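Peer 1: The primary structure of each chain is shown beneath.
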Amino acid sequence: MNLKKLPLNNLSHNAGRTVGLAILVALLAFVAYGGSLVMSSLQNGIGSLEARLGADVIVAPATAKSQQDLNDILIDGVPGQFYMDASVLDEVAGIDGVEVASPQYYLSTMKAGCCSMPVQIIGFDPATDFTVQPWIERTYGGDLGLDQVVVGCNITGAPGATIKLYGVECGIVSKLEKTGTKLDNAVFATNETVRHLINEAVERGFPPDSHEDPAMRISTVQVKVADGYDPEVVAGEITLRVRGAYAVATRAMTSSVAESVSGIAGVIGVLMGVIWVLAAAVLVVVFSIAGKHRAKEFAVLRVIGASRKDLSGVVVKEAVLISALGAVAGIVAALVVVLAFNGALEAALGVPFLTPDIGTMALFAVGAFAVAMVAGPAASAVSARRLSKVDAGQVLREE
Amino acid sequence: MGDIRLETQGACKKFFRKRRDSAQYFDAVAPTDLQLAAGELVVLKGRSGSGKTTLLNMMAGLLEPSEGTVTLDGQNLYELDDAALSRLRNERFGVIPQGQTALHSLSVVQNVTLPYLMYRDDDGCESRALELLENLGIRQLADSYPSELSGGESRRVCVARALMCAPDVLFADEPTGNLDDASTQVVLEMLRSYADAGAAVLVVTHEQMAEEYADHVLKMDAGVIEARA
Ligand SMILES: Nc1ncnc2c1ncn2[C@@H]1O[C@H](COP(=O)(O)OP(=O)(O)OP(=O)(O)O)[C@@H](O)[C@H]1O
Ligand SMILES: [Mg+2]
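Here the protein sequences line up with chains A and B, keeping their order.
Mapped onto my numbering, the consecutive letters of the first sequence carry residue numbers 609 to 1007.
Mapped onto my numbering, the consecutive letters of the second sequence carry residue numbers 21 to 249.
A few of these clues could be false.
[As the list claims (entries may be wrong)] Chain B residues, not near chain A, derived (Cβ > 10 Å throughout):
1. D53
2. L54
3. T73
4. A80
5. S86
6. D102
7. E111
8. H124
9. T204
10. E232
11. K239
12. D241
13. I245
[What the hints assert, rightly or not] If you want a taste of the chain A side facing chain B, the calculated C-beta under 8 Å gives, among others:
14. N618
15. K673
16. A903
17. E905
18. G913
19. S915
No wet-lab data here; the hints were simulated from the structure.
No experiment lies behind these values; they were computed from the predicted model shown.
Idealized CB from N, CA, C, for every residue including glycine.
Input sequences plus hints: build the corresponding full structure.
Peer 2: So, in structure tokens, the structure goes:
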């Protein structure tokens, strides 16, 4: 036993105190790491929502219900369907400032053999589509054939498996990465496949709630706006000129989500700050209380030849060990909580939630570790100072 | 009389004391000239509160005098910086403080070897520690922890700890408190033979028996060393 080994020995001999202090540091690390994970997941979620919506403007039928349904489908994930005449597509394409216009066909089902939850089927036109195919390409190289589907990450079934839609076994060729948006619950297919599904369903005697021919009727038109045009202006133009259609700039759709995200982020930020300050204050106090009891121990060390520097070294080293222990525990706990309750958090917050990639999570972990490793020893500084200044003669006289 | 080892010149300690209607400084230890010589054992006795521990702490490099100096072989202790004085305490002084001062997180033998290992490599010092414990009659407690010891056993651990680094000057503040007569005799004999081996030894004690082992007996009263008994 020497002064170098003494701190570890002290910690293991005072397990209760060690664990208590480590828990406080763990709380600091937990809040720092968990908070930053949640914050960045929210940021990712909103970013992903914007990216996945893809279109600058979405055109839907001009009924109040279809507006609500569109929101439900894209933001809240409730399957829905609504239709307008296919001629809208050509009219939209003719509007000034529209660079690309591509139709989508929405079909919802309660009867899919695959899942207990309702599935949203989204049919797209491979020739003009610019919103779905780019991210299908990222996970699956080729084109989608007849009765082939790409599924969102929340749909059961791996690539190579089949999914039964209206009695038709459709091959899953790819599963998309998690987006944190409601499109994670959707199934994507070409309009040709959708038409086949509808025909099969009718033949087998269980037609979908609504079964309109994708050639005649469409649900939405996805619009890419040409450079130099303002999506909001183009949307207004479409609404004005195309009968029976209502156009909305996606920026406007996501801005309401972004608003609630920033509200939530603000609350979480304040909460984090409060917990942090409290835990740090308690840590300082507990370190100091523990220090008082130890005055005699340190006086003895001084009598047998320890310098003041040695004494503060012992205190700081103990704090470093405790902080390392607590930081690792807090980071692991935060990781487990955020990953395990990912879905619950998303449901509770009601906004898109997408955890960052492993590299970013590791970076945050390093950051949280560093923060805890600074906070713990800093909290012990008061106590280190006082204990190193212990008046050995005085303390040992107080028998 | 052997070589002078440790010497105080006019060393005194003033403390601040509050009274009901006034507050003032008083001399816990009045200006004192005292010498400890190699090979000698000095007993310091006196009523409780007379300033014995205060004087001992000043001489042991633990408490800076308000005035005056403490010198070891001509070196003024309180002119050294903290690191140097600490090292000097470790290498040349052995202190048996008043009361129970074994460290609770260390076993008995670890308590005894700690001062040695603080500035030196482990060169089998444990066997020397065990030998000291053997001489003090507590060899069998080497692996116990202080909380398991009786008051007297704990005192003897501190005696062994003070002797571990073979100090030139040994300070003992009531080393035989809590000890039965037989153990008291063992400890006093040990201190005596340690002085005979060439160390300067200062023993603060109320123990009558100690005077038989002393070269000089000093008596302290209200901070003043009164007479040589
Ligand atoms: N830090 C201090 N502040 C104020 N007064 C002090 C301080 N330290 C000691 N004293 C006073 O100095 C006097 C001498 O104390 P000291 O501990 O040296 O006595 P002592 O002779 O060792 O007594 P005992 O035999 O009870 O151990 C006492 O009156 C004590 O109250
Ligand atoms: Mg005393």
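Peer 1: All hints, please: hold or fail.
Peer 2: Hints and how they fare:
For B:D53, the non-interface assignment is confirmed: its Cβ lies about 20 Å from the closest Cβ of chain A, beyond the 10 Å cut-off. For B:L54, the requirement that its beta carbon stay farther than 10 Å from each beta carbon of chain A is met, with the minimum near 17 Å. The claim that B:T73 lies off the interface is violated: its Cβ sits roughly 5 Å from the closest Cβ of chain A, which falls inside the 10 Å cut-off. Chain A draws B:A80 into its interface by the beta-carbon criterion, the shortest separation being 8 Å against a cut-off of 10 Å.
With 10 Å as the threshold on Cβ separation, the claim that B:S86 sits away from chain A holds: the shortest Cβ distance comes to roughly 13 Å. Consistency note on B:D102: stated as away from chain A, yet its beta-carbon is not over 10 Å from all of that chain's, at 5 Å minimum. Here B:E111 does not stay apart from chain A, with its beta-carbon only about 7 Å from theirs, under the 10 Å limit. With a cut of 10 Å on Cβ distances, B:H124 falls inside the contact zone with chain A, its closest approach being about 7 Å.
The Cβ of B:T204 sits about 19 Å from the closest Cβ of chain A, beyond the 10 Å cut-off, so the non-interface label holds. Distance check on B:E232: its Cβ is at least 27 Å (rounded) from any Cβ of chain A, clearing the 10 Å threshold; non-interface status holds. Here B:K239 stays apart from chain A, with its beta-carbon at least about 20 Å from theirs, past the 10 Å limit. No Cβ of chain A comes within 10 Å of the Cβ of B:D241; the nearest lies about 18 Å off, and the non-interface call holds.
Every C-beta of chain A lies more than 10 Å from that of B:I245, the closest at about 19 Å, which supports listing it as non-interface. At its closest, the beta carbon of A:N618 sits 5 Å from a beta carbon of chain B; the interface hint therefore holds under the 8 Å criterion. With its C-beta approaching chain B no nearer than about 74 Å, A:K673 sits outside the 8 Å limit, and its interface hint is violated. For A:A903, the interface hint is violated, since its Cβ never comes within 8 Å of a Cβ in chain B; the closest pair sits about 12 Å apart.
Below 8 Å, beta-carbon pairs count as interface contacts, and A:E905 has one with chain B at about 6 Å; its hint therefore holds. Nearest Cβ of chain B to the Cβ of A:G913: about 2 Å, under the 8 Å cut. The hint holds. Given hint, A:S915 at the interface with chain B, holds; its Cβ is 4 Å from that chain's nearest Cβ, closer than 8 Å.
Of the numbered hints listed earlier, those contradicted by the structure are 3, 4, 6, 7, 8, 15, 16.
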